[in-house]
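There are 2 protein chains.
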Amino acid sequence: MTLEGKQLIGSQAILTQGSVIQGIDPSSGERLEPIYYAGSKAEVERACELAEKASNLYSETDLDTRATFLEAIAENIESIGDSLIERAMRESGLPRARLEGERGRTCNQLRLFANIVRAGEWLDVRIDPALPERQPVPRVDLRQRHISLGPVAVFGASNFPLAFSVAGGDTASALAAGCPVIVKAHSAHPGTSELIGRAIQASVSECELDEGVFSLIYDSGFDVGQALVSDKRIKAVGFTGSRSGGTALMRIAQDRSEPIPVYAEMSSINPVFLLPEALKTRGPDLGKAFVGSLNMGAGQFCTSPGIVVGIKSAGLDAFIDAASTEIKSSGGQTMLTPGIYDAYSKGVEKLASNNHARHVAYGEAGEGPNQCQTGLFIANAGDFLADKALQEEIFGSTSLIVECSDLSDLKRVAEHLEGQLTVTLQMDDTDIDISRSLLPTLERRAGRVMVNGWPTGVEVCHAMVHGGPYPATSDSRTTSVGSAAIHRFLRPVCYQNLPEDLLPQALKDNNPLGVSRLMDGKREI
Amino acid sequence: MTLEGKQLIGSQAILTQGSVIQGIDPSSGERLEPIYYAGSKAEVERACELAEKASNLYSETDLDTRATFLEAIAENIESIGDSLIERAMRESGLPRARLEGERGRTCNQLRLFANIVRAGEWLDVRIDPALPERQPVPRVDLRQRHISLGPVAVFGASNFPLAFSVAGGDTASALAAGCPVIVKAHSAHPGTSELIGRAIQASVSECELDEGVFSLIYDSGFDVGQALVSDKRIKAVGFTGSRSGGTALMRIAQDRSEPIPVYAEMSSINPVFLLPEALKTRGPDLGKAFVGSLNMGAGQFCTSPGIVVGIKSAGLDAFIDAASTEIKSSGGQTMLTPGIYDAYSKGVEKLASNNHARHVAYGEAGEGPNQCQTGLFIANAGDFLADKALQEEIFGSTSLIVECSDLSDLKRVAEHLEGQLTVTLQMDDTDIDISRSLLPTLERRAGRVMVNGWPTGVEVCHAMVHGGPYPATSDSRTTSVGSAAIHRFLRPVCYQNLPEDLLPQALKDNNPLGVSRLMDGKREI
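In the order they appear, the protein sequences are chains D and Z.
Oh and the first sequence: position 226 is 226 in the UniProt record's numbering, straight run, nothing missing.
Oh and the second sequence: position 105 is 105 in the UniProt record's numbering, straight run, nothing missing.
Hints listed in this document are in silico derivations from the structure and should not be mistaken for laboratory results.
Just to be clear, a hint being listed does not mean it is correct.
Repeated chains share a single entry, so a pair holds when one copy, or any two copies, can fit it.
In silico DSS-like pairs for lysine-lysine, Cα to Cα no more than 30 Å straight-line [what the hints assert, rightly or not]:
#, residue 1, residue 2
1, K53, K388
2, K411, K232
3, K41, K388
4, K232, K388
5, K508, K411
6, K53, K411
7, K508, K522
8, K53, K41
9, K53, K6
10, K350, K288
11, K280, K508
12, K346, K388
13, K232, K41
If we strip away everything but chain D, and leave its shape as in the complex, we get (with noise of 0.2 Å):
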């Protein structure tokens, strides 16, 4: 396929004539070709006005016509071949394996959100029968089903230009929904964007459903974001990236004359607790792993181990002794972009001149521009809780090492911690008191909390929580990853008394679709 550097507006392809957007190739500097131009207020206005033409049509798809819709567009994206990845893989920086493996993700969540919409869970179906001859009044026939919200903007993320951009797990839970999209695609990779929406674009013609269903949209600026997310006719926002980013459209979300839901994942330092006897007999090893999991994908992973916390010990010497070793070795990787790189060099650079943070080591640096050197720093518990320069995120391979001199120590930063997308324990057996004590505190401060793992690597499953209390994501009540997803995008509405012919399919009496009910209080398979 060749690209056209085209919006992807319903089922057209659109050239405007707004600021240039181009790929660049992090590894070389080298601009990539065609040239993109930003999309203006005319086409979200026209995109907007498909995407409302066909939101109700649409909500109303029938399940296998719909699940039929996403199965097509991970087909249609595996179609697209080799030159999916080699695009991608020139945007991003990112190695051949890591985006095979993130389109083999990308297209199975489709797939898993076909079946979730096949089994119509997700409608949620409550009957509670009337009561003609209850006393004092008689109930009358009460049904409840979700629809979905309507039109949602999704903003795609450079960290993951497969699985959280065009076609990723905002997209993928929007559509099963039953939500037209349109996405704002990233401007770091503008071709690896179009190539994954003429996919989707394709899916919807071939499945015949409305042109609105879906649009692309280019900016390198915040124009097209603010017009989006300001748009009466969308109903919820999808948000991966910055805090400052996530922040701003939940102000602007806020500020609409109707207020729309804002799923924005924004930032975690994904603490890792190490604790006594875990350090003690396998420090070292866990040093080793950690830095196995700080240097994956060159640490611009939205779960990479931020902060690292134990009480002072040999366990833990050993474990810094370990883990320097291996960051010592550790090659630069190129980062995504020359933006990121700069952010992350100036993080490092002033993390590396607090007073308060000591240096432990450094990986090598890089031979290429925009190669991220791996860091590793330490400061003492006290000196963390007090200063908040010191819980900041920094994106990319670099983490600091909270040294706790007791146990009351550790809790304290435990208490003391923001919200995150998870918290790990590293823990042994003898380990049980202490991480049944601290349970209660981490639960309440993250979305998935984990033992003897690390945090990078998402599952997408059915019980997976990527999300958590804020500034973590904008709203804890949801997860980005996983099934669960698609219950963001939905409501509940009830229909009382409604005659047999004019309820939805979901709520007849012979319960047509199959689906899940709870009738009267009681579930039914």
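Assemble the complex: chain D is given as a structure, and chain Z must be docked to it using the hints.
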């Protein structure tokens, strides 16, 4: 029980020295003893401190303990006996039968949530077992449950001194979810609030729960409410009241360093669409029944039918005639407070002086103070659409007929509606095609769609949705009535690879709570 006029902070009853709050009998203007005094920031601080202290432990109460607590509240409310009804009658001007019914609903609601808590579906347990052999990477064990958000601030409403006040729907659902509750009492019924508050306080003690699970604070102004919603230990807000009050709380909650969810149920004009065949065959009956709904509780329901939409026809004329006759013989009814009566009178005056609205009928003028005079007005659809003032809620028993020239006019009115709690179709069999064409528009604009009923009267059951798009509520994704309201105060947490010993009860292998689980994507009851 002797009323003492004290704040209930945890297990204490505290006499404060803030500004004076006194119940007023709206039927006479008489000030009722005892005098209450506004709480201060000190009470908010203490209540929040206790609530936070109680939160983790209360969140982990076993299901039976928590359910028994809700049942104890219901029993303790019932054992107050007739003095509760008498006090509520004096403070609200509402008749005995209505308040006895409301007490029944309040206690049934608490018992419904007790059953919901025991059943444990709200935990939404999901288990994705480990797949150690999976290629290319194994899957670790992942489990999800829902936990409480933390302490909740609840604002008592004036129009349901029992069912939406101190032990009303918001309190019941938040306590069911495992959240401590701090109620800001409505100053219109301080004595009723104290009686109910004492019943909850006694239940906390009888069930040997931490005292911080419940507190009750009085205030005549905004200070206590603002302080509560701003307090960093409060994690969600439940409110029923005016749009200005609800949006003010939304702003405070969004401006916090950690924004929190606000569930504000604010305003709704609850349109009733009279379809042509129904008007033709039942015009006069509909007119009479409509006035019955309009006059219920002096129109002081969130679901009072504020507009009626029909196409100009002999049937509509017959509806209007019958409604007019019924209204002219409607006696005055005492409104809840002098303030509400005053706002109602001003709203009716404003409508009467609007050039686009014609007066149709007035009820009898009241003989005592604060009596609501029923009113009916009419406007044509074009004027209604053009004039925002005609679309405003008048809280009380006045309604506006919107006369359409044809079906497309009626559809335009439907499309133009703001978010509503309810929308009603009066239809006969041959109206089915019109109903079918309207339904996709109507379900986008309301939380509950009903046929051949009247919006007043909200069943407390599983399928109920008392909610709807903004500005009917601040968050269309939930309901404030019915068992699904428990979900407002919960969030998901994922537990990855936890040893069995460390897993919460709900997630242990052998399912000791006996709750419904999604096991590897398959529902196990």
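Comparing the hints with the structure gives:
1. K53 with K388: between (48 Å within a copy, 25 Å between copies)
2. K411 with K232: between (46 Å within a copy, 20 Å between copies)
3. K41 with K388: between (39 Å within a copy, 28 Å between copies)
4. K232 with K388: Only across copies: K232 and K388 sit 18 Å apart there, 38 Å inside one copy, limit 30 Å.
5. K508 with K411: between (54 Å within a copy, 26 Å between copies)
6. K53 with K411: between (54 Å within a copy, 16 Å between copies)
7. K508 with K522: Classified as both; 17 Å inside a copy, 23 Å across copies.
8. K53 with K41: within (18 Å within a copy, 51 Å between copies)
9. K53 with K6: Answer is within: at 22 Å inside a copy they meet the 30 Å cutoff, but 57 Å across does not.
10. K350 with K288: This pair counts as within: shortest intra-copy Cα distance 26 Å, inter-copy 75 Å.
11. K280 with K508: Cα proximity of K280 and K508: across copies only (29 Å, versus 62 Å in one copy).
12. K346 with K388: within (17 Å within a copy, 53 Å between copies)
13. K232 with K41: within (14 Å within a copy, 39 Å between copies)
Going down the numbered hints, you'll see the structure goes against none, and every one checks out.
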